[in-house]
Amino acid sequence: MMSEETGTRDFSILGLKLFLAGLTMLFGAGLVGYLIVRLGAEQWPPAGIPPVPWTLWISTAVMILSSVTIHGALDGAREGNQRALKSGLILTMLLGLTFLVSQVMNGAAILQAVLSDMKELYSFTFFMLTTLHAVHVIGGLIPLGIVTRKAFAGAYDEKNHTGVRLITWYWHYLDAVWIVLCIVLTI
Amino acid sequence: MTTSLPVEHGAEPTGTEDNYLTCDRGIKSWIFTLDHKRIGVMYLIFTMGSFLLGGVFALLLRTELLTPQKTIMDADTYNQMFTLHGAVMVFLFIIPGIPAAMGNFVLPIMLGAKDMAFPRLNLASLYLYVLGAVFAVLAIAMGGVDTGWTFYTPYSTETNTAVIPMTIGAFILGFSSVFTGINFIVTVQKLRPKGMTWFKMPLMLWSLYATAIIQILATPVLGITLLLLIIERALGVGIFDPALGGDPVLYQHFFWFYSHPAVYIMILPAMGIISEIISPFSRKHIFGYTFIAFSSIAIALLSFLVWGHHMFTSTQSPLASTIFSALTFSVAIPSAVKVFNWLATMFRGRLVLKTPMLWVLGFIFLFGIGGLTGLFLGALATDIHVHDTYFVVAHFHYTMFGGPVMAMMGGLFYWWPKFFGRMYKENWGRLSALLVFTGFNLTFFPQFIMGIRGMPRRYFNYPEKFEIFHQLSTIGSYVLAFGFLVVFFTLVHSLFRGKKAPANPWGSATLEWRCPSPPPHENFIEPPLVTDPYDFSILEYDEASDCYHLKPSAKLAEDGEVA
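Residue numbers (the working numbering), protein chains in the order written: chain A, 66 to 252; chain B, 10 to 572.
Same shape as in the complex, but just chain B (with noise of 0.2 Å):
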């Protein structure tokens, strides 16, 4: 193992310990750091932070709905709770969860670079984020919101809670997904070290890339829109409020045109760790890379022209919601174009049944009926029937929880050991990711069948005969909890007791796995060896340190290709 940094050229300081953790000291060294993984890591604490946060308001919602009448709280504090919940889950969890937090810590290792094209920017937007997060907690302690996470006027400009403060601090975290953004197609398309060709890279970083592209293009029109939200509360003009003449179908029209394209924010990059652990996970090459690489842009570009079916019922042109609803189906096809290929990719392969691989089981079958009921609301008729029911509810929670978290849960369990340098207890993260995958469904599926039976979406009351089904729901959110303090403690304590980890536990082919665990701080001391990302020919086992080592033979042959 590699126990020391060569000295290091250039201004930078120079370490003497091993590691990015270890070779600077001292709150201020994370502060002012300009290294991604750093700012990886404190972007994994905060965001884990707001899932905690929202995940708490979830609770509280399910114990509230756990009787057909009140029950803990009253119906004021419970618009408030779905409201905050869905806030925090998408703003301040879900949207830069995966890109910020995971992207900046494996993009420029997995594409054999030093850094982001812009340090500086990048610690930029991790301190826009906090701000946006303070906004957000401001908007809280002064009481909450009760508009439901997408603001619709005119609720948002008739209600006397926090609007002002939550929008804010959205409009400032839209600024940070900017910045993320370019940061990551400029690192892509210039630093990528000599023999990483476009279709050398990881499919981690063409989603990252896809993404990269709705960040930068449809962000600032949910800047724009908040922007104009706020000077009709502050000055009362009369844009979206049509008690002013406004026309509140244009808010909504602008709000999906941003927040159709961030729900593929979110699962884009969720749809790249999958790629990342299945084919390692199958000891085989992944299947149809090419296909998966570009289905990737594909859904990228169609996530602009889908907005509308969010409006099916909000006096949109039968003509336009007809469009609106050919164009989602059209999304279904790059997305199962993915999902055959892992199916592909695991069929004759040799499964290795571990935690990540566990986790992205655990996707497939979630996002699968989160697409496949995606399709009902797709359609124009059955969505008239379902709109705003619970029906809703458990769809977005099979592709944004289903999809997403499980695919975060993978990647922080595939990656843990290159974060940490620790090995967690295998067992205890099997039992986690089952204990979710059991909890998550117990949740959700009930909502299905309220749903199509006609339970509303965002009520404090609700007939008795659904009352079966809401008590399942949150029994399964209890279990569901659980499971993540399961993952929680899973995690926490291989930082103290866990074993060391390998430079490769997992015999993956990409590059952030020839670099030691946890890296170090400039990733590689000399450019990696640029090979095939899913050709595990290459690799052989090394038993007594149990870690996975690059054949000489493969790297003989590839100096002579160089040379």
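One chain only, chain A, in its complex shape (with noise of 0.2 Å):
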């Protein structure tokens, strides 16, 4: 039989594995609406408006540094070493707010592009896209939060650090989707 502790963790891993299946068809139902209003466009970008800025791959190596930092968590978790988990945690909440600021301005350089006309496709799929997954970045930053509190409690040990794996698997999952919307976007 399994331990009622062992149990929850392996509970809980799998949950989250069947919810990111859902937010991947999520995802997926996005891109295809836009790929369908993009290919049937005349002219992508629309005649006068430049491509998106360039500045998108800043959030990307944000994006994909916060990754990097957050395994240092798991893996300093995993080998008990509580500096590194505390470490790693705080470095991935600062990187995942960096990612955000960069994703407003971003959005504020579209907005400027198009002037100011959201209505347009151009600017409202490029809206779609980097919002829904901002709000799923900050959707994760709130159990990353609770997580880091509960590290700096002393709630994490090599055996029993079930949250820590949560997030750690959340995080790479919002990695992955930036890399590819990126990609979509701009080429």
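FYI, nobody ran anything at the bench for these hints, they're computed from the structure.
Here a beta-carbon is modelled for each residue, glycine too, at the ideal position from N, C-alpha and C.
Relax, there's no trap hidden among the hints.
List of simulated lysine-lysine pairs, BS3-like, C-alpha gap at most 27 Å:
| no. | chain 1 | residue 1 | chain 2 | residue 2 |
| --- | --- | --- | --- | --- |
| 1 | A | Lys-224 | B | Lys-203 |
| 2 | A | Lys-224 | B | Lys-123 |
| 3 | B | Lys-209 | A | Lys-82 |
| 4 | B | Lys-509 | B | Lys-363 |
| 5 | B | Lys-199 | A | Lys-224 |
| 6 | B | Lys-203 | A | Lys-82 |
| 7 | A | Lys-82 | B | Lys-123 |
| 8 | B | Lys-199 | A | Lys-82 |
| 9 | B | Lys-363 | B | Lys-293 |
Computed from the model, here is a short list of chain A residues facing chain B with C-beta under 8 Å:
| no. | residue |
| --- | --- |
| 10 | Asp-75 |
| 11 | Leu-79 |
| 12 | Gly-80 |
| 13 | Leu-83 |
| 14 | Ala-86 |
| 15 | Gly-95 |
| 16 | Leu-186 |
Could you use the hints to bring the two separately framed chains together as a complex?
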């Protein structure tokens, strides 16, 4: 028989994977919608409007870096290295916030380019995809904050760190989704 | 009979009373309950309330259609009535009805588990359901919606009715559905007790598992579709509205990518209930267990590939339509596998024609008609002829009412003794099943005839040649309503005057009948012996208590095996 502790851990990881499968359908549908609009347009981007800002790649770099730092936190938890765990989590939080700031700046650049015309499909689809992703980043920062607080309270050790595992899974997922979105938006 | 629970271990509050209904009292013990049975009961109450609401809309509709001209309401109100009837029935009643209400109650017990894998998530999904329902009711209070339950653009972008609250409601209900699905899959995979292998699981669990796959993978697509619709309406962005440069067919693709799989969210658990009832009421092992189990999974997977058959007349390319048509026919195969296995189960069985079995027989007959008329709609040429006529209305009521509703009623009468520990009046139950069956056929069979003769759906007025069919249909709907009144009184009467139910009144071999009726808070005091769910030879009838028990020899054999 599984102990209560390990049992719960197994459950929540499977539950998270199923949730991510659902999210994949959400982002997938968003991408399909984007591609249909884009392929149906006569010119993309529309005449007189520059392509998406190259600073999207800054966001991408920040996101990838945050994936590295959160993995460092997980490794720290596995090895019982509390310092690595805490610093990894804190760094990830800061990078997550930086990513959001960078996204807001990208959004502002797009708005400027289209003369604040949100109804125009080129900018709208951009906002649809990036906002959808940003909402999930914000949704990830909340549990990340909880995990960080628990880490500082000393709640995790080598054996018991389900919370860290869950948030790491989720964060890597956000990273992967962002890379796909960024490639589709920029090419 | 067990009258008291032994002291439980762990931090859970220990009840001294005997079952989940009485172990804890007060309104707070219900609002904050984590017990899957109580959550199931609350879902049952809310979905039945929605069923009543949707039913009232239906009766108003049918009354309006008594005469070819205006009868009791004007055309705009009529548009709202059919929209609200559809939206309430689909989103608030049938989709959550069987999985969330019945599935929540029976899944862990049938599996031999104490609760769902994530009890808190389960409660959260109930609250999301309630929140979604509040938005739907708000939409009704704000003057209703008149777009049809599908919210097709450009109707939904141009109408000035309360589309936004209604779609927000449906959006939130989607979350509830996803969480329920996650809970079901994790519970089935992780909480199986010793001895409960995949192929010893009751077929209801297979079908709920298949349902959960659809809930998790299809619902998010509806989410983003409705979100885009809301943004389009609120900000005037032209994604779907052709007047703004959008593509209304894109909306239809997105919508049906969810909503076609969603009909299998309705029918798969219904099929699970049929498999559960038909075997004990034929006193025979289920025929073709593996085929029924895998046909559920096959239906779940195929359900994602057929959405285009809703759009044969929506400027889809002929090639795409042909492919969707062929795929649609392929769904008939696993569905027919189930029906033939049920018939083979009954063949040479000793049929026990009690109330649950009558609903099941009704299901097989009505769903058979629904399924076969579906083939006419899946075929391109005939579909174009009968598209958007009453033929379609009759078809989907035969599948969606003749399927899930008949099965849900069957399940309700089957598990009622387990839910509330009371037996209902058998003859009243039988009468209600007969009334509903008769009323249903009287309501919807004439609609096939009308439809094939060209009566379009959703029309307020109609030529006089259709009057007789509409009147028959309306009279049928009153009979139907009376039938449900009898259902209601039979069940409510049993709560107050019913005989106390034994643990296993029907002689079923699945695990939920091994624990007392109603079950104790933790379902099983010790892990139950897992046996073949349809092997009735291990049971013996005890006349004194009118109850079936596990034969002592079966217990010994099992113990021997385990040791």
